[in-house]
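For the protein sequence lines, the chains are A and B, in the order given.
Using the working numbering, the final residue of the first sequence is 555, and nothing's skipped along the way.
Using the working numbering, the final residue of the second sequence is 794, and nothing's skipped along the way.
Treat the hints as calculated values from the structure; they're not laboratory data.
A quick note: this is a predicted structure, and the numbers were derived from the prediction, not measured.
Note that CB positions come from ideal geometry on N, CA and C, so glycine has one too.
Among the clues, some could well be false.
As the list claims (entries may be wrong) - Taking lysine-lysine and the DSBU-like style, the derived pairs with C-alpha atoms no more than 35 Å apart in a straight line are: (1) LYS498/A <-> LYS737/B; (2) LYS12/A <-> LYS764/B; (3) LYS549/A <-> LYS763/B; (4) LYS583/B <-> LYS552/A; (5) LYS733/B <-> LYS384/A; (6) LYS12/A <-> LYS571/B; (7) LYS400/A <-> LYS597/B; (8) LYS571/B <-> LYS400/A; (9) LYS779/B <-> LYS384/A; (10) LYS631/B <-> LYS384/A; (11) LYS400/A <-> LYS624/B; (12) LYS657/B <-> LYS400/A; (13) LYS667/B <-> LYS79/A; (14) LYS552/A <-> LYS779/B; (15) LYS779/B <-> LYS400/A; (16) LYS625/B <-> LYS597/B; (17) LYS384/A <-> LYS778/B; (18) LYS663/B <-> LYS384/A; (19) LYS766/B <-> LYS779/B; (20) LYS649/B <-> LYS552/A; (21) LYS552/A <-> LYS667/B; (22) LYS733/B <-> LYS298/A; (23) LYS549/A <-> LYS571/B; (24) LYS625/B <-> LYS400/A; (25) LYS400/A <-> LYS602/B; (26) LYS597/B <-> LYS549/A; (27) LYS549/A <-> LYS783/B; (28) LYS597/B <-> LYS9/A; (29) LYS766/B <-> LYS552/A; (30) LYS631/B <-> LYS552/A; (31) LYS621/B <-> LYS549/A; (32) LYS663/B <-> LYS552/A; (33) LYS549/A <-> LYS779/B; (34) LYS625/B <-> LYS552/A.
Claimed, not checked - One side of the interface only, derived from the structure: several residues of chain B facing chain A at Cβ under 8 Å: (35) LEU610; (36) ASP640; (37) LEU642; (38) PHE643; (39) PHE655; (40) TYR659.
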Amino acid sequence: MNIFNIFNKNIKTVSRNFSYFAVLFICPILLILISGAVLNSASLNNIRVGIVGGNVQEIRNAKNYDSFALCMEDLVHFKVVACLNFNYIDGHENLDIYISNSNKLVSIYTRQFVLKDILNMQQDLFEKTSSEINSQISVYSGSILNARTDLVNARSELEEQEKLLTDYKNDLEGIRRDFDEVYYPLKQMQPQITQIRTDLTNQQNTINSELSIIKNNINNIKSNLQTLNTYLSSKLNSGDYDYASGLVSSALLGITSIESSLNVIEQANKVNSDLIGVVDSLDNIIQQLDEIKQTLDKLDSDLGISIQRTRESKDKINAFINSLDNVNQELGNFQSDIGSKKFSYTLEDAFVIPDDPVLFAFPLLIALVITFTSLVLSNMFILKEVNHPSYDREILTPAKDMEFLISDYLVNLFFVGIQASVLFLVGIYWVGVSLNEIWMFVLAIFFVASIFIFIGMSFAYLIRNQSLSMLITLFSVMILIVLSDILAPSILAGEVVKFFIDSNPFVVLQRILSDGIVLNRPLGDSYFAFVRMGILFIMTFFIAYVCKKISKERR
Amino acid sequence: MALLEFHNLEKRYGRKEVLRGISFSINKGDIFGLVGRSGCGKTTLLKILMGLVSLDKGDITFEDLKFRKKLNYLRKNTGYASQEDTLFEELTIKENAYYFGKLYGLNKKQIKLNLDDLLVLLGLDGFENFEVRSLSGGMNKRTNLLVSIIHGPRLLILDEPTVGLDSLLRHSIWNYIKKINKNGTTILVTSHLLDELEENCNKIAVMKKGKIAESRTLEEYSKKYGEKPFARIFEEIIK
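The following block holds chain A by itself, in its conformation from the complex (with noise of 0.2 Å):
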């Protein structure tokens, strides 16, 4: 069968140009390298946020700035892709989010980022934030509770100490007012009855006085009336002298009689003795009567003062406890506020576009347009060129290399011109695109697509063979779009593979067509793009210029 035939000779064909082979194997594996760079170096967490008025530490890639507007400059100009404005509005806590929307893909992932981290993250930490103040609250304000009612009971203790005390001075008023009524007259009497002792103590000592004297003038009658009787007894008849006897008996017993009157005086006169120890008792207990007094008043005045500091005490725990209800007042109304408290959040689109999808995606179609034809219009037509017989014939020639390099690039800058106006009469008749900075867009097609072309051409110049540089050309193509915002967008990429997204020329070409066609900015703004455009084609026209200088060599 001759189907076999030809696939057996075309598998040979294939298989034994190792350039081909390679192309086949190396091209898908390489493009696939870097769709995985790619796609793997996509994270939300790359993406690069500005916040204003909060700190949010879990966001890496977040910058702090100290205004909105630096903020909104800097998501202008591509440096960050969201701006969260953190601030309060009535007392609640309110996020305005500004979203680029420059770029559909751009806004749909950071709308993601914004909501799924940001927003969750604000969430969660501004609930476990109340939970934890609401769990201390309560805490504080079971605490403050205790204290409060610790000192109630201590007021209640200090009302009952002050009323037993209250009590107590009144009954020692009552005391007072019954001692004072016995110690006043008492002590109105003291000098009378220090009178009464001093008299009753002279009548005590006159009378005993005059009763010694008395005793004595009888003692010396009853000796004289015995020595009397002694004597008669002599001198006397009996008769007489029994007369005489009874006489002096009878005076002896009158003297006897006037000794008993005598010691019933002075009986009567130790009465008085009595007397003065009862006055001086007396005296004794006004003196006592008067240090009682002096207690009293004392404690009296004690008592005042115990009132007086139990009062101030009740007084001070009264206006503790006043402070402690405010306080707890405010505690239940902060808890309470914490629970009614909203956080809000408002998404803003950055810029003011219209909602036209093809005005939108006709930067991208642009840029697709001028990358895939300059890259393929130059590869094909060097290839044409180089395996023209008619190529041997010009490099014999004195012209220089320079100039078939120049002449070649031009003529290839001038189908990519003609094809890039033609799209631009398309946009403005039919799409409606603006171009207010017409020379800036010319600037930009003229870098990317003679970069394309220098690159285009190089391949050419290194690859003779048709099939085999038109593949290696289209594999360039596919890895400038993987490299792109269209597979992943450089927002979501790493550093590194953001560098390249960065440098790549197609994706540069689409922003600043994007910048002047959809956003309507002066393009003046992608005054770095340039620079870094300038140099791409300065190196670009270098390596074109070699491979053609190799080109010339291997012929």
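Fit chain B to the given chain A structure using the hints.
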């Protein structure tokens, strides 16, 4: 008088020695034939002469000027016509002539003067505005010659100029080559058609394994090898 001299040229590709001390000269006004078996180094020698391949050793002088220093001078004064049609088919004869004339540094006036003469010389008068793709095979070869000498070179290199043509056309082409030679252009021609060379060249060099085995006039060959066709002499040399 020597127009072109090769002095002990050596060239190797990796381990393969392609040219091994090539030395010979081409005088002004010669129609010089260069022959040899495939792979003997002819193409490499021509490439070196055209400045496409660098020399490892040796030198070439063109009108007593060192080739290495005066490559552009050599190129300006050399024309090349390969066995393939090296013209732009979409362009007319005139456009091709003007294009290549300008590449050689001529102005329009010079090109016009040369073109008018060459159109007559090569029998293309009246066809100058015809696109090359519309021309016959013989006219194509002539146009190729025309463009190769539009800049008035002193040396014309022809690589298999009549390959693929019938005998009548070959004869015609050689007549035109001779006309060009008579106009003062030295011709260096390579061909496998030895009878053509024998008929038209005054000097022939035979290359063998990277060396010039013999380089003589036809008379000298006859003296050395006897009166026999050059094809036989060639066979003897490369044997």
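How the hints compare with the structure:
no., hint, verdict
1, LYS498/A <-> LYS737/B, "violated (69 Å)"
2, LYS12/A <-> LYS764/B, "holds (33 Å)"
3, LYS549/A <-> LYS763/B, "holds (31 Å)"
4, LYS583/B <-> LYS552/A, "holds (29 Å)"
5, LYS733/B <-> LYS384/A, "holds (34 Å)"
6, LYS12/A <-> LYS571/B, "holds (28 Å)"
7, LYS400/A <-> LYS597/B, "holds (26 Å)"
8, LYS571/B <-> LYS400/A, "holds (31 Å)"
9, LYS779/B <-> LYS384/A, "violated (49 Å)"
10, LYS631/B <-> LYS384/A, "holds (26 Å)"
11, LYS400/A <-> LYS624/B, "holds (16 Å)"
12, LYS657/B <-> LYS400/A, "holds (12 Å)"
13, LYS667/B <-> LYS79/A, "violated (62 Å)"
14, LYS552/A <-> LYS779/B, "violated (42 Å)"
15, LYS779/B <-> LYS400/A, "violated (46 Å)"
16, LYS625/B <-> LYS597/B, "holds (22 Å)"
17, LYS384/A <-> LYS778/B, "violated (50 Å)"
18, LYS663/B <-> LYS384/A, "holds (27 Å)"
19, LYS766/B <-> LYS779/B, "holds (19 Å)"
20, LYS649/B <-> LYS552/A, "holds (27 Å)"
21, LYS552/A <-> LYS667/B, "holds (30 Å)"
22, LYS733/B <-> LYS298/A, "violated (161 Å)"
23, LYS549/A <-> LYS571/B, "holds (24 Å)"
24, LYS625/B <-> LYS400/A, "holds (14 Å)"
25, LYS400/A <-> LYS602/B, "holds (17 Å)"
26, LYS597/B <-> LYS549/A, "holds (23 Å)"
27, LYS549/A <-> LYS783/B, "violated (47 Å)"
28, LYS597/B <-> LYS9/A, "holds (34 Å)"
29, LYS766/B <-> LYS552/A, "holds (25 Å)"
30, LYS631/B <-> LYS552/A, "holds (18 Å)"
31, LYS621/B <-> LYS549/A, "holds (23 Å)"
32, LYS663/B <-> LYS552/A, "holds (28 Å)"
33, LYS549/A <-> LYS779/B, "violated (46 Å)"
34, LYS625/B <-> LYS552/A, "holds (18 Å)"
35, LEU610, "violated (13 Å)"
36, ASP640, "holds (6 Å)"
37, LEU642, "holds (6 Å)"
38, PHE643, "holds (6 Å)"
39, PHE655, "holds (7 Å)"
40, TYR659, "holds (6 Å)"
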